[in-house]
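Let chain P serve as the given structure and place chain C on it in line with the hints.
In the order they appear, the protein sequences are chains P and C. Counted from 1, the first sequence has number 61 at position 61 by the numbering used here; the numbering is strictly sequential. Counted from 1, the second sequence has number 1309 at position 309 by the numbering used here; the numbering is strictly sequential.
Accuracy of the hints is not assured; some may be wrong.
Unchecked claim - Calculated cross-link-like contacts (lysine-lysine; reagent style DSBU-like; alpha-carbon spacing at most 30 angstroms): (1) 10/P / 1359/C; (2) 1322/C / 1372/C; (3) 23/P / 1322/C.
Derived by calculation from the structure, the hints in this document are not laboratory data. These numbers come from a predicted model, not from an experiment.
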Amino acid sequence: MSPQELKYTKDHEWIQAQGADFKVGVTDFAQSQLGDVVFVELPEVGRQLVQGEPFGVVESVKSVSDLYAPIGGTVRSVNQELLTHPERVNEAPFGDGWMITLSPANVDDIGELLDAEAYDALLAKEQNH
Amino acid sequence: MTEERTGASEGQRTPLYDAHLALGGRIVDFHGWLMPVQYRSILEEHRAVRQTAGLFDVSHMGEVEVKGPSAGRFLEGLLTQNVQDLTPGRARYALMLDAQAGVVDDLVVYARASDDFLLIVNASRAPEDLAWITDKANSVAGVSVKDVGPTLALLALQGPRAAEILDRLTQGQASSIRRFRFAQLRVGGVDAVVSRTGYTGEDGFELMCQAEAARQLWDVLLREGRPDGLLPCGLGARDTLRLEAALPLHGQEIGPDLSPLAAGLDRFVKLDKADFIGRGALLNEQAAGVPRRVVGLAFEGHVGVPRTGQSVVDERGQEIGKVTSGAISPTLGHPIALAVVPANYAAPGVFVGVMIRGKMAAAEVVPLPFYKRGA
Chain P
1 MSPQELKYTK DHEWIQAQGA DFKVGVTDFA QSQLGDVVFV ELPEVGRQLV QGEPFGVVES
61 VKSVSDLYAP IGGTVRSVNQ ELLTHPERVN EAPFGDGWMI TLSPANVDDI GELLDAEAYD
121 ALLAKEQNH
Chain C
1001 MTEERTGASE GQRTPLYDAH LALGGRIVDF HGWLMPVQYR SILEEHRAVR QTAGLFDVSH
1061 MGEVEVKGPS AGRFLEGLLT QNVQDLTPGR ARYALMLDAQ AGVVDDLVVY ARASDDFLLI
1121 VNASRAPEDL AWITDKANSV AGVSVKDVGP TLALLALQGP RAAEILDRLT QGQASSIRRF
1181 RFAQLRVGGV DAVVSRTGYT GEDGFELMCQ AEAARQLWDV LLREGRPDGL LPCGLGARDT
1241 LRLEAALPLH GQEIGPDLSP LAAGLDRFVK LDKADFIGRG ALLNEQAAGV PRRVVGLAFE
1301 GHVGVPRTGQ SVVDERGQEI GKVTSGAISP TLGHPIALAV VPANYAAPGV FVGVMIRGKM
1361 AAAEVVPLPF YKRGA
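Next up, chain C with everything else stripped away, as it sits in the complex:
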């Protein structure tokens, strides 16, 4: 086989595009970005993250700076979480809703100072998010909004060995960063903002640096981690990992028609705080009873692969919902799926059917997450 395989050629490139090609990455179009879906094997990369470590280029994600004396209060009006209580160096996962409580995006807000915040948003939503936030900030004094994505690169180092690997490059400083905190560190000669965050269900870090330094950081991390089994990992493994950890993906578990309460993200929604966009609709939804919920489904045996959009049916074969995400779990060895079903089906032990290529496969509602580190 040839080493270079370009399935897509039109699209935006991250600063690490050439690195992906050099490593034999299979390039695909991801919402207008040319990204590696895998290098050698999605399953091999997935296992590396679960057993040792994996390195992802996630530079396609968006970064938006929100600054000014009113920035904190402004963000609290936009997000489902408190923000002003974040001391510098702390980050928090939050959702940004529209007035109907549909999800504009899910994101992580980093508090750099009381008047200085950085939002890291999904690549698929970055232009919409920027327009949304800018629009809302127009009528507010003391807030400035800036898209800093183009100047930055973002890498994710994930897995049980991630801390040891990064510690060797930072004189032990990496492991002292606690979960959802971040610090400025020098890693292999590159200045990076290092956060103890990730999207895989493993321990790990996300490292943000200037675009020009990205290749150096990438190479240093790969070289340092190779003896530990560190592999470069693509978007394919990123998706199977987050699915096992039951982390939502915008456009699948959450979206304009899928509220955070339906997605089971209640603990990231602070209805008791000052008003934010969507709060009213959420209160109504809560009062009326959340009609649909995202549940985890587990399948026995060899029934095929559950996939987004497949019908979930009741015992009579009537459609009651849809699969939002599905795969054969590399860690568990059987098919798993997230699906949106009516609330009365949303209890562990309930059986439903999933139409996999025209045949009904039996599935059981199971507690989430499917996989938990250390369990």
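Next comes chain P alone, as it looks inside the complex:
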């Protein structure tokens, strides 16, 4: 069961309200699919993102995946620990493996995201094909 207090995208990112900002990462399913994460490329603080825009890259031993902005906004902070410890994404995808925080451009963007139940239903479908 995915954490109830988060919202999700169909690309397996999660988003969490942090005061006025939002914290973003990838889900447990995503890290499991990726395998050992060996490199994470994150945007610069201050970069403006549009909802759905690629904002970075997560590389595992065998693959490269783009990260997509769940909502539009301005990058407020970036998890520097991932530069030296990319494995945090595997170890704690909802915790220490967080990637960026965003100051939202339009809070209505959140309404388009999946809640935990809808995300889990999506996962169930994906794992049964």
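Chain C in isolation, oriented as in the chain P frame:
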């Protein structure tokens, strides 16, 4: 997460396929074979081989028997190495070339008797190798060629603890097998040909047995080695391990357009022996000067992951070569790559650029191997 994950479903299975599923192996298609790329984690498996031991199923590799009174001489006409000087129980790494000195495959030849040889070849090349060898043998009397791959399984037990683990199962006989030698041993009730060979840069063994006995051998080895930290390991770790050891992979460092001299495999090429296919082209290449070479590249810092096919560029950003293999080295903690570059760039200390996802990353040519056991 579900325990069973099948990313691929169409393909050939080794005798250990069910074992891989039972262990939570992530199955991928590897040149038509359904193989585990990892069980829990490529990095964890890689570290196990470097620190304790790992067990690989490499039954997808090909095995070709070449027998007969002329077998030795025939093989010397096909391979870059001598073969007739191998006493029974000795093995040797060699390359099989075409007339342009392109590499048909790299392989290990096992001398079982003066008229009885076994070649172990890459899984990705097994059908081509069999066709090549059979074709060349057609016009030669006293040589028979037989594909024995389907009847055999091959396991690799690699790592600093491999010898202790295997010794416990063989009353100490395993450790007395020297490097590139092999012997028939009984391991956990299974008859196996055990060779002191491997593709990881660690000490280790490869064990060949009848397909029907493979699961028993696999289970016995895993059970015996668990207390030592033995882990089952997939093809992902196999690749990162061999890269750190700078061992070539057909299709990347060697291949139809990549000669053994360019790949730095000169010491496995005996130009002074009797003629073999490709010898003439090699002599020409040597005389003209080998134009390109495979080098090792090391990167500082956090620049991304070097990967096969990325461009290698000079200081002006002009492409001068390509990355043949790359990864972030689990042992060294920084990115490494093998790349083919013009000969004048092939000296330690030279700097080149590598285009990693559109951005140039600085890399230094370094001596090989990246990792050496015991260093």
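We went through each hint and held it up to the structure:
1. 10/P / 1359/C: Holds, at about 29 angstroms.
2. 1322/C / 1372/C: Given pair residue 1322/C, residue 1372/C holds - Cα atoms ~25 angstroms apart, limit 30 angstroms.
3. 23/P / 1322/C: Not OK: residue 23/P and residue 1322/C at ~39 angstroms, beyond 30 angstroms, violated.
Comparing the model with each numbered hint stated earlier shows that hint 3 is the single one that does not hold.
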